[in-house]
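With the hints as extra help, turn the sequences into a complete structure.
Taking my numbering, the leading residue of the sequence shown gets 901, the next gets one more, and so forth.
The hints are simulated quantities; they were obtained by calculation from the structure and are not laboratory data. As the structure is a computational prediction, the values presented were derived from the model and not from experiment. We put the CB at the ideal spot given by N, CA and C, even for glycine. Any given hint might turn out to be false.
Restraint ranges, calculated between C-beta atoms of paired labels, are given here [unchecked claim]:
(1) E1045 <-> V928: 36 to 44 Å
(2) G1058 <-> T941: 49 to 57 Å
(3) F1004 <-> K1068: 52 to 60 Å
(4) V928 <-> K1068: 20 to 28 Å
(5) S951 <-> Q1069: 21 to 29 Å
(6) A952 <-> P1029: 18 to 26 Å
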Amino acid sequence: MKKHITAIILAAAFSTGIAVAQSTYQAVLTGLQESPPNASTATGFGTVLLSADQTQITVNESWNGLSAPATSSGIHGPLGTNALFFSSSGVPAATSGSIPEETFAISSALLNELQQGRLYMQIDDSAFPQFRGGEIRGQLTLVPEPSSLALLALSAGGLLVWMRRRAKQIK
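Here it is as structure tokens:
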């Protein structure tokens, strides 16, 4: 019996380590999410990949149907703050487009803001400049990962099946 408990504890320790990896945050950008909301029919999508060591973010963003060509794109914090991360490779002056993948260092304070769901992506143009709210915006939210508990249950279940088969073979 003691061997069974030790085996289950080892399975739990190894299965929970699998869940430690990069985290992905996503945002769906619309005019209705701007502050104040606007009637833009433009849409966008962005992702932020947080490195496993939580020191860098990699950003991707695309949009479609802006009222005017894009002038800037950034990740912002609480309402009224300047952009925390701006596209440094240049935003294409187009009503539909994307920015190339970019990687930025992230401070522990901004990491906390990201993890608390307080950061958002925004695309600005001449019809909706940044100082008036931008054209489309989307809150960054964590993409759920497979549950660590499910991984633990699966590995513990497999271990129990193996132990029962082994016990039958020994008898």
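task: Could you tell me whether the CB distance from F1004 to K1068 stays inside 52 to 60 Å?
output: holds, 57 Å
task: For the range 49 to 57 Å, tell me whether the beta carbons of G1058 and T941 fit it or not.
output: holds, 51 Å
- request: Indicate whether the distance between the beta carbons of E1045 and V928 respects the range 36 to 44 Å.
  value: Given about 19 Å between the Cβ atoms, the range is violated.
- prompt: Taking 21 to 29 Å as the hint, is the beta-carbon distance of S951 and Q1069 inside that range?
  reply: violated, 46 Å
- prompt: Could one say that the CB atoms of A952 and P1029 fall in the range 18 to 26 Å?
  reply: With Cβ atoms ~37 Å apart, the hint is violated.
Cβ separation of V928 and K1068, checked against the hinted range 20 to 28 Å: Violated - the Cβ-Cβ distance for V928 and K1068, about 53 Å, lies outside 20 to 28 Å.
Of the numbered hints listed earlier, those contradicted by the structure are 1, 4, 5, 6.
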